[in-house]
Amino acid sequence: MNTLDFDQGNTIIRTKDLSVAYGEKTAVSKISMEIERNTVTAFIGPSGCGKSTFLRSLNRMNDLIPSCRVTGSIEIDGIEINDSNVNIEGLRQLVGMVFQRANPFFKSIYENIALAPRYHGIRSKAELDEIVEQSLRKAALWDEVKDRLKESALALSGGQQQRLCIARAIAMQPSILLLDEPASALDPISTMKVEELISELKDEYTIVIVTHNLHQAARISDKTAFFLMGELIEMNETSILFTSPAQKQTEDYITGKFG
Amino acid sequence: MNRQGSDGMTMIEKNVGRQQHRLARDKSYLQSKLLKPNKKQSLENFFGKAIAMSCAALLLIAVISIIYFIASKGLSTFFVNQVSIVDFLTGLKWDPEGEPALFGAFSFILGSFLVTVLAALVAAPLGIGAAIFMNEIYPTFGKKFVKPVIELLVGIPSVVYGYVGLTVLVPFIRERFEVLGFSLLAGGLVLALMILPTITSVATDAIEAVPQDMRNAARALGATRWQTIWHVVLHGALPGCLTAIVLGMARAFGEALAVQMVIGNTSKLPESIFDPISTLTSAITLNMGNTIQGTAYNNALWSLALLLLLMSLFFIMILRILGRKKLDNR
Ligand SMILES: Nc1ncnc2c1ncn2[C@@H]1O[C@H](COP(=O)(O)OP(=O)(O)O)[C@@H](O)[C@H]1O
Ligand SMILES: [Mg+2]
Numbered sequence: 001m002n003t004l005d006f007d008q009g010n011t012i013i014r015t016k017d018l019s020v021a022y023g024e025k026t027a028v029s030k031i032s033m034e035i036e037r038n039t040v041t042a043f044i045g046p047s048g049c050g051k052s053t054f055l056r057s058l059n060r061m062n063d064l065i066p067s068c069r070v071t072g073s074i075e076i077d078g079i080e081i082n083d084s085n086v087n088i089e090g091l092r093q094l095v096g097m098v099f100q101r102a103n104p105f106f107k108s109i110y111e112n113i114a115l116a117p118r119y120h121g122i123r124s125k126a127e128l129d130e131i132v133e134q135s136l137r138k139a140a141l142w143d144e145v146k147d148r149l150k151e152s153a154l155a156l157s158g159g160q161q162q163r164l165c166i167a168r169a170i171a172m173q174p175s176i177l178l179l180d181e182p183a184s185a186l187d188p189i190s191t192m193k194v195e196e197l198i199s200e201l202k203d204e205y206t207i208v209i210v211t212h213n214l215h216q217a218a219r220i221s222d223k224t225a226f227f228l229m230g231e232l233i234e235m236n237e238t239s240i241l242f243t244s245p246a247q248k249q250t251e252d253y254i255t256g257k258f259g
Numbered sequence: 001m002n003r004q005g006s007d008g009m010t011m012i013e014k015n016v017g018r019q020q021h022r023l024a025r026d027k028s029y030l031q032s033k034l035l036k037p038n039k040k041q042s043l044e045n046f047f048g049k050a051i052a053m054s055c056a057a058l059l060l061i062a063v064i065s066i067i068y069f070i071a072s073k074g075l076s077t078f079f080v081n082q083v084s085i086v087d088f089l090t091g092l093k094w095d096p097e098g099e100p101a102l103f104g105a106f107s108f109i110l111g112s113f114l115v116t117v118l119a120a121l122v123a124a125p126l127g128i129g130a131a132i133f134m135n136e137i138y139p140t141f142g143k144k145f146v147k148p149v150i151e152l153l154v155g156i157p158s159v160v161y162g163y164v165g166l167t168v169l170v171p172f173i174r175e176r177f178e179v180l181g182f183s184l185l186a187g188g189l190v191l192a193l194m195i196l197p198t199i200t201s202v203a204t205d206a207i208e209a210v211p212q213d214m215r216n217a218a219r220a221l222g223a224t225r226w227q228t229i230w231h232v233v234l235h236g237a238l239p240g241c242l243t244a245i246v247l248g249m250a251r252a253f254g255e256a257l258a259v260q261m262v263i264g265n266t267s268k269l270p271e272s273i274f275d276p277i278s279t280l281t282s283a284i285t286l287n288m289g290n291t292i293q294g295t296a297y298n299n300a301l302w303s304l305a306l307l308l309l310l311m312s313l314f315f316i317m318i319l320r321i322l323g324r325k326k327l328d329n330r
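Chains as they are written, first to last, in the UniProt record's numbering: chain A, 1 to 259; chain B, 1 to 330.
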């Protein structure tokens with residue numbers, strides 16, 4: 001991976017020899033990677049190759065899994081986030097995450113979004129209203145729900161729920177958004193909406209997206225990283241990786257020989 | 001989609017051809033399956049239905065006759081013995097053998113409610129707290145040790161609770177507060193201990209039913225563990241926790257033996273939680289044996305039973321409403 005030379009000032013995430021193990025079993029081994037500000041990076045690879053595990057270590061969600069051990073270094077904006085003095089809640093506010101399955105709270109649409117800003121100290125009703133509207137607008141959901149903000153979020157369709165989850169993450173005003181197969185449970189039209197959304201959000205956020213859909217990776221990402229059995233095989237400009245991959249394994253995977 | 005096969009047919013054409021062939025071959029077989037009844041299955045079907053229906057009918061008959069029995073006896077206080085319903089519900093004097101006989105049951109009604117509410121006030125926070133501990137804070141220890149211990153409490157007969165109350169709680173209250181000891185407080189605490197397992201186990205189920213996804217979502221939004229428990233887990237489990245409390249209260253309201261052993265059983269109204277009280281159940285169990293069938297006294301006790309029955313119907317109604325609320329949440 002040292003062949004890639006990023007502009008230092010533009011790097012927002014830098015991992016070095018990052019390994020993650022569940023008990024005895026290594027899920028991610030010695031991955032070094034740099035991710036640039038305001039880009040979309042796609043992680044591809046067969047299931048079980050450690051994409052989600054790697055993603056979860058970027059906002060320390062792996063801390064919640066008791067058997068999970070993370071070693072190596074992860075710097076975000078030059079700060080080592082695995083240090084014990086890091087404010088984990090603050091880190092997660094900065095690095096928002098959206099999961100594969102939409103998981104809105106059993107609350108109203110408004111409350112789903114207002115919850116996180118409240119945790120991070122915003123009390124005034126006017127300010128919260130503003131954040132809710134802005135987040136929903138950015139998630140391209142405002143027009144569909146503006147008249148029913150007080151209704152349960154569970155009444156939304158699957159695609160709307162997933163965009164609500166994106167809005168909920170945006171409401172924290174993060175710098176980075178981690179999306180773990182955000183569209184894999186959605187129908188094609190909802191998927192398209194989510195993809196459009198991601199392309200728009202790139203101007204404001206650095207986005208890392210895990211996807212098992214190669215076309216999706218090719219459509220929306222600037223850089224693509226190919227994982228295999230816990231290792232990072234290759235990472236490059238998406239257009240290069242999909243047309244002239246450097247590694248044999250990458251080529252086999254993107255031409256459908258396995259996966 | 002239109003991939004050409006070697007013989008010039010598309011995949012779709014091949015597939016359709018295959019299916020048509022199979023359909024033609026299977027036609028007579030299909031007809032025999034569709035049009036001939038299966039004797040064994042329909043016989044089983046008939047007996048299955050008959051057994052299930054007679055069980056349901058038997059249950060229904062039992063419930064209706066119990067209600068009819070209690071209602072006919074209980075209502076004759078008012079319609080045969082001409083006691084006024086208002087006097088019965090609000091009267092402060094209970095003297096069924098006096099001249100004239102007085103049937104004021106207010107102190108029993110009040111006693112039942114007070115002791116139930118006190119038990120719920122004590123047991124609800126403890127039970128829900130224990131459920132949170134077992135699920136969210138220390139699941140390995142909680143599920144291995146705390147849960148079985150609490151479940152053990154369910155199996156203990158109520159007379160044991162009453163006995164413990166009588167030999168430990170009553171003397172303790174007597175010495176600590178220099179009162180009689182037999183009291184609303186003692187009854188409430190004994191009941192709290194009795195309904196604690198009910199509340200804990202139902203609340204545990206409710207908390208377990210909150211999807212793990214929801215906890216992850218909250219943590220990923222930068223919520224602390226406590227914020228997650230308060231705003232997400234407990235909020236999601238709220239209908240279930242309320243169900244737990246109401247179930248506990250229903251049990252407390254109907255409990256007779258353990259309560260009767262520690263509350264002192266006076267028909268005087270209590271002035272503080274240290275005063276002795278009576279409840280509907282204790283009034284019935286203590287007096288039923290001394291009365292003669294058909295007398296006004298005996299009927300009045302049935303009226304108390306009718307009140308108990310109405311209250312449990314009320315509790316069941318609340319539980320039903322809460323159950324529907326839980327479904328709405330999903
Ligand atoms: N919570 C966990 N506990 C134990 N092993 C896990 C856990 N999550 C993932 N793994 C294991 O780690 C490996 C990588 O999983 P994951 O990161 O989910 O892969 P991907 O997202 O690429 O499909 C898999 O072998 C999986 O079985
Ligand atoms: Mg995954």
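Certain hints may be false.
[As the list claims (entries may be wrong)] Each pair of labels, with its calculated beta carbon distance range: (1) B/Arg18 x A/Asp187: 51 to 57 Å; (2) A/Phe258 x B/Leu153: 54 to 60 Å; (3) B/Asp213 x A/Glu36: 27 to 33 Å; (4) A/Glu75 x B/Gly155: 55 to 61 Å; (5) A/Asp17 x B/Ile318: 36 to 42 Å; (6) A/Glu36 x B/Thr224: 50 to 56 Å; (7) B/Phe141 x A/Ala155: 28 to 34 Å; (8) A/Pro46 x B/Gln31: 45 to 51 Å; (9) B/Gln19 x A/Ser47: 51 to 57 Å; (10) A/Met229 x B/Leu152: 17 to 23 Å; (11) B/Glu44 x A/Ala155: 40 to 46 Å; (12) B/Tyr138 x A/Glu75: 33 to 39 Å.
The hints are simulated quantities; they were obtained by calculation from the structure and are not laboratory data. Here the structure is a predicted model, which means the values were calculated and not measured. Quick reminder that beta carbons are idealized off the backbone N, C-alpha and C, glycines included.
TODO: Could you see if the CB distance from A/Glu36 to B/Thr224 stays within 50 to 56 Å?
DONE: Once the Cβ atoms are compared, 31 Å apart, the range 50 to 56 Å for B/Thr224 and A/Glu36 is violated.
Open item on the list: Can you tell me whether the CB distance of B/Glu44 to A/Ala155 sits inside 40 to 46 Å?
Closed with: holds (43 Å)
Open item on the list: Quick check: does the Cβ-Cβ distance between B/Phe141 and A/Ala155 fall within 28 to 34 Å?
Closed with: Violated, at about 39 Å.
- [ ] State, for the Cβ atoms of B/Gln19 and A/Ser47, whether the hinted interval 51 to 57 Å holds or is violated.
- [x] violated (33 Å)
Task: Whether the CB-CB distance between A/Pro46 and B/Gln31 falls inside 45 to 51 Å - done: holds (48 Å)
Open item on the list: Given a hint of 36 to 42 Å, does the C-beta separation of A/Asp17 and B/Ile318 actually sit inside it?
Closed with: At 59 Å between Cβs, range violated.
Open item on the list: If I claimed the Cβ atoms of B/Asp213 and A/Glu36 lie 27 to 33 Å apart, would that claim hold in this structure?
Closed with: holds (31 Å)
Open item on the list: Is 17 to 23 Å respected by the C-beta to C-beta distance linking A/Met229 and B/Leu152?
Closed with: Violated - the Cβ-Cβ distance for A/Met229 and B/Leu152, about 48 Å, lies outside 17 to 23 Å.
- [ ] Evaluate the given range 51 to 57 Å for the C-beta pair formed by B/Arg18 and A/Asp187.
- [x] Hint violated: Cβ distance 30 Å, outside 51 to 57 Å.
Open item on the list: Taking the Cβ atom of A/Phe258 and the Cβ atom of B/Leu153, is their distance within the range 54 to 60 Å?
Closed with: holds (56 Å)
Open item on the list: Between the beta carbons of B/Tyr138 and A/Glu75, is the distance compatible with 33 to 39 Å?
Closed with: holds (34 Å)
Open item on the list: Does the beta carbon distance between A/Glu75 and B/Gly155 stay inside 55 to 61 Å, or does it fall outside?
Closed with: holds (57 Å)
Of the numbered hints given earlier, the model fails hints 1, 5, 6, 7, 9, 10; all others are met.
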